[in-house]
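Chemist: Listed below, chain by chain, are the residues.
There are 2 protein chains.
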Amino acid sequence: MADVRVGFMGLGIMGSRMAANLARAGYELTVWTHTPGKAEQWACEHGAQVASSPADLGARSDFIVTMVVDGAQVRELLLGDEGAARGAAPGTLCIDMSTIAPADVLEIGARLAERSLAMIDAPVTGSSPRAADGSLTIMAGGEQGDFERALALFEVMGEVIVHVGPLGKGQAVKLINNALAAANAAALAEALVLAQAEQLDTAALLAVLGAGSGASTMLSLKARPMLERDFTTLFKTDHMVKDVRLCLQEAARAEVPFPAAEHALELLEAAAGAGLGEADFAAIVEPAAKRAR
Amino acid sequence: MADVRVGFMGLGIMGSRMAANLARAGYELTVWTHTPGKAEQWACEHGAQVASSPADLGARSDFIVTMVVDGAQVRELLLGDEGAARGAAPGTLCIDMSTIAPADVLEIGARLAERSLAMIDAPVTGSSPRAADGSLTIMAGGEQGDFERALALFEVMGEVIVHVGPLGKGQAVKLINNALAAANAAALAEALVLAQAEQLDTAALLAVLGAGSGASTMLSLKARPMLERDFTTLFKTDHMVKDVRLCLQEAARAEVPFPAAEHALELLEAAAGAGLGEADFAAIVEPAAKRAR
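Note that the protein sequences, when read in sequence, are chains A and B. In terms of the numbering used here, the first sequence is residues 1 to 293. In terms of the numbering used here, the second sequence is residues 1 to 293.
For reference, chain A alone in the conformation it holds in the complex (with noise of 0.2 angstroms):
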């Protein structure tokens, strides 16, 4: 790997993990935050280098990451005045991993085109403890081509890998998960409720829904932090309040009704609202057991 140059933008709970993989891997890693003074620590601890700007960045790599918060940031960092577009050769792969609109993809995408730069879409699943021992679920929307050049990279970061299609659909297979988390997630913290109301044995109806039909990752991950209230961050309150509101854009779009993403997004925003955005998304249990009070 050592002669593979990428360029990795986006040093957060996630990125900072997903990129400390590809420099563990022997990738010629080449960092870059908009916080200063950031990269530089990250890099100096990780034996990356530091670009002096996304431009500079894009110059210096192969492959360039992004690992961000919205659209507007990636097409900032991609293409902007100093964007890593207008250092980047021809042929340069641009491999978006952060969590934005499909519609910001195709925009993207297609003013890189013009500039002969290829893109992909490439959001994950799995939070901090995925990303930090490379298991995530990396979902690629992409050219058949692209995707087999950035199969490499994918493979260090998760563990299941999966083509789904053309450029944004991997955006759209991301946003449908997580607002069915979402919606899970909010299910399980009303029964919960209603559980600790009824004063049931928790463990025991724990070990019956694990056994049957209502079994999720979110009973798995969420039920004991939504039982004891601790919110310790996996995934925080706000990124989910995000992602639910893309999907639930995309949804209008496509004229499709999706209440049991309305309703979580609803309970999601009150956690929000009530100063838990930072926590984990957990809080979700929050304001659904207020209203039961």
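Hints in this document: simulated from the structure, not taken from any laboratory. As the structure is a computational prediction, the values presented were derived from the model and not from experiment. Any given hint could be a false lead.
[Stated by the list, open to error] If you want a taste of the chain A side facing chain B, the calculated C-beta under 8 angstroms gives, among others:
| id | residue |
| --- | --- |
| 1 | V162 |
| 2 | A183 |
| 3 | G214 |
Just so you know, even glycine gets a beta-carbon here, dropped at the ideal spot from N, CA and C.
Here the structure of chain A is known, so what remains is to put chain B in place on it, guided by the hints.
Modeler: Structure of chain B alone, referenced to chain A:
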């Protein structure tokens, strides 16, 4: 087991399979059904005896199992003029494995106790294939001694067997499980309708969902039937309607809102209203798809 006498009332989709396992395990089985002739044929096939009435069945049984549709049926079979309690010897244990309201369990249990008969509520989860292979999940409410007496029978019919608390709590846990399953199914149905409207590669979508935060037992069991609109009955829409209604009655009694379950009930009732009450509750996808057109 040959000297342990079990009376079994209710030979529907679930009950016939559960009773067959008891017969195979060597219990001395007596059956009764409301439909004339049905018990005779089943008894002939499975080497059981047929009672002339619930009271006659009660007189021949150390354990009386009921697996019927609702609380009114359980009350009639156990406490009616020709009910099993009339014939049963003091100390006989009544095991109701139906799904009925916790309040009905408490009332029936109190009336049985007046006649020195014990009761345990032991509803199950798992559809007919798991009833057939004896791998149901059984959640039992009742006194510890009664649970221990019933355990050998439960082990013949179930795989995960949990004593969840005093009488009525088996039903409380069951109703929460089924309402949660219904809510997860509703969210899944809406997500799949959106995915089909967006012409996503559903095989890729299911691979991603199954690996991540959107996974659930409902996804594993119902996604394919929903996508293919194959409603071969494993668990009837009408029965799921009944269970979610009972859960919402309990929630109302506890003054706990459960909007995710209310939304699922609305879709299930729409499916039943469209003639899919006898179909599998994967039919919840039909009203979701109809709204999207």
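Chemist: It remains to establish, for every hint, whether it holds in the given structure.
Modeler: Now the hints, each set against the structure:
Given hint, A/V162 at the interface with chain B, holds; its Cβ is 5 angstroms from that chain's nearest Cβ, closer than 8 angstroms. Contact between A/A183 and chain B, as hinted, is supported at the beta carbon level, the nearest pair being about 4 angstroms apart and thus within 8 angstroms. Taking 8 angstroms as the C-beta contact cut-off toward chain B, the hint placing A/G214 at the interface holds, the least distance being around 4 angstroms.
Every hint from the earlier list agrees with this structure, and none is contradicted.
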